[in-house]
Amino acid sequence: MRADIAVIDLRLRRRALLSYVVGMVLYALVIVVLYPQFKGDTSLDQLTKNGSTLAALVGATGSLTSPSGWLDANIYENFLPLIMLLITVGYGASCIAGQDEDGTLSLATILPISRRAVVLQKAGALTVQALLLAIATMGCILIGRQFDLSFPITHLAGLSLGVALLGVDFGLCAVAVGSITGSRGAALGVTAALAATSYLVSSLAPVIGWIRPARYASLFYWSVGNQQLANGLSLASVGVLSVVGAFLTLTAVAGFRRLDLR
Amino acid sequence: MTVVVSAEKLTKTFGSHRGIVGVDFMVTDGEIFGFLGPNGAGKSTTIRLLTGLSHPTSGAVTVFGLDPVPAAVDVHRRIGYLPGELALHPRLSGRHHVDFAAKVRGMRDRTFIDELVARFQVDLERPTRTLSKGNRQKIGIVLAVMHRPELVILDEPTSGLDPLMQDEFERLMRELVSTGATIFLSSHELDEVQRVATRVAIIRDGHLVVTDTVEALRRRAPRTIEFSFPRTVDPKPFASIEGVQVVAANGTRITLALRGAVAPVLRVAAELGPLDMVARPADLDELFRTYYRDQSADEPDDAR
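If you read the sequences in order, they're chains A and B. So for the first sequence, the working numbering puts the first residue at 1; every next one is plus one. So for the second sequence, the working numbering puts the first residue at 263; every next one is plus one.
There could be a bad hint or two in this list.
[Stated by the list, open to error] Now the in silico label distances, taken between C-beta atoms and shown as ranges:
#, chain 1, residue 1, chain 2, residue 2, range
1, B, ASP291, A, ALA254, 31 to 39 Å
2, B, ASP376, A, LEU250, 15 to 23 Å
3, A, PRO36, B, GLU347, 54 to 62 Å
For the record, the hints were derived by calculation from the structure and aren't laboratory data. The structure presented is a predicted model; accordingly, all values stated were derived computationally and were not measured. C-beta atoms are modelled at their ideal positions from N, C-alpha and C, and glycine is treated no differently.
Extracted from the complex, chain B is given alone in its bound form (with noise of 0.2 Å):
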């Protein structure tokens, strides 16, 4: 297993303003590596400290062990990239930038760039100016991974896609590690991520809160219980049993996220007389949503 990427207390600051704060991770080969956090919480800046685009305040970060600012020709050439805010030049087409990309990367077989063009449907000839979001976004998915990269970095990949095309992306993304690639998937949705990342990380106000294999998250992640009453009933009997956090109270309505043993929580609900209930597995969602309001909920030290 090689080390592909490593960061070790990257930190980056803008001024005043924290951008993210010793950050620590490493990815592997072959792996997709989920990276998650809500908007604003660092994603985009970690990723231009992967990139060499941008330079880190204090710590480190090596990608194929080399520094990606001093670096940049050689990293460039091993990686592909699509930036969460993908911009092209509103007057040239997609055709002048697949065009250029591949020149400049010396790359004379095409055949490659043909199948994904024809496998996201995508239009080269009009001015980007006139594409819409998903059409923009096609191309900066050919850009990013048009020279069969070991590494690809993506941020936000399947912003603007329609749900085929977001399947055909996920499976692009399977296909590209079948052959030896890295992925490093950013984005803020949770589902996309768990259903392809073998790992994943989660970034929250610049820092990282957790890193842990998609399945050890799932494990830890809460059931979810809600609960119908006749009447309107005060949610505080559930706040106060351990492991119990209620995620919602409306009224007559009780939605709980349930960490420990269900007993105690049935047993209070008894007392109320629920006219239903409904429990759901293990939800992932629930975990992130539990990171990303609140750090200090549940945070695990050893799976930093």
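Only chain A is shown next, with the shape it has when bound in the complex (with noise of 0.2 Å):
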């Protein structure tokens, strides 16, 4: 298959990528260098002792000195998925509703190409914009090795997989909104408001007992919010956000084949 429109769209959004890119790997080597002054701070643990929701709103649960405990709380359990989050949900809700409600659109959808692939494409380019991301705050953390921060390097790439299929299915929410309503504010406010219910669900259920079975309905506990860090990224974790993206894909092609476009 072509990748044209997928490049084109890459091409459109390079700036606004590198950006947030640069500033998601500034932020991630400040986090990493500073763990050797907070390693051995043990009031930073009772922050989230006795289950503390405080804490555990802003995605931080247990141990907050451990190096799993570090990242977590202040990487990959709230600030990468929030900035994953504004990458792949605004992409997913321009590149189908946004461009089609700017006319430029039709640019491509005239031409000999089914909506089918437009929809796989736009995907395509939604996935490689993720995983950018995940790979270089990765990077950045495999940098924190040199500075006590120690876990097996397999946790931490099934993590960044993770967190960057939480941003594809996002996104692919987004644009599966979007090609349904043809409307880019419907796309964003919609998973705007079931990125939020997933998070608060994964990031309070260890610490609220009736929230606790709704967890397995939350995409953030099957990314991040388990620990994944230092437990790994189960496969069950890999086949649920797998057959998310692979559902909301189909919706999304199902439902701009029904689209009217400008």
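Starting from two chains that each stand alone, build the complex the way the hints lay out.
See below:
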């Protein structure tokens, strides 16, 4: 399959994407470099002691001074997913619905290329962006091994894959909503609401009993919210995130086939 | 003669809003088919249905005998399309757009692209956001015809072009037709359409009000007579004459559209002592305006 549409979309997004990646890399480097100063600070662990809901709300549970706890609480359970979703949901909402609203989508849809192929190329561009951010961040974290941050590399690679799949899934959700409604606003709004709910469920599940069963419905739980850096990304997680992505892609294709374009 | 485009009872509604209703027409190969109508009449809606960008609410449309929605890839390979409101990626240059379309279309021979670029003096290097509307429109023209499509669908193609480029575009349309292409030309510019089109359809409020050859329409078109009087005159005596419509009455000047014999008009005018009279031949513009203004005005049923 050709990738001309994906290439042109990535070209259009390259400045914004580069800015997000550079910002994330700088932030991750600061977090990594600061770790030796905090690893012996037992007062930090008091924040999450006794199941603090406030700490859980910002994605901090368990020990904050362990390498995995430090990285989870400062990067992988909050800031990186946030930046990831800004990139992928933003692109997901704009790549079909947004481009249709501004009229540029017809530059592609009037060419001899099926709507299914258009969606698949957009999904490809989405995946490239998510992987770029996840890999760049992973590179910074690997530098952290020089700053007392020790953890299995396979676990880090798994977590990076998880956060990339998280971004791809929510990005595809925005693509699907945009393909069904033709509205960039609806795509952003619905996906942002789902992502916020998913985050809350995953982050509060460890400290609020009645929410705990619902964590299985949260993509955050399957990707970053189950101590993946300490335990590794499970095959079940990869399966759930992949199946959800495939379902959203099919939904987007079906919606886009029925959409009236400008 | 092969039917290239066929619309049967084609209807598109947007919720409670009218789009087009029961539109019927055919376009045959090798013709320039003019599609006229005022803004908001349903021209662009019809075109989006022809191109498969939009789905009909009811009725049927075929292009090359294919339904343009499920067979979009096959149809799009054979058509070129210039939208009425061309939107280009603002940060990309014209060359990016042309290269992208050429790659997707699998074009290796770029001779015709180069010829078009030179002929229309297209600026392919600057980001399109820095180009004037006319220069962006030229990129749209290149994108629409660069692959020598069998059917070219043009929606207000000369919008923003200067008169010299409009003439050049008119020559291009004639050349494309001479090499076997069919052109569907949508416009609200009457002069442009009547100069190049062989047949014309007029759409108004979503309904097709007439489809006929330009010559037949011209034969039906009203003549225009203008009188100047030394004093203010009442136009009512003219309005009561059969086949006469008062187009403008401005105190001492009266403009009439005349379909019947001229004698009754001259008799009424003579009694009012006109200073001057100017008569123009059959005016297609006036016929179009009549259709635009009032569908019921002299609407020939057999012309639908």
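Against which earlier hints does the structure fall short, listed by number upward?
2
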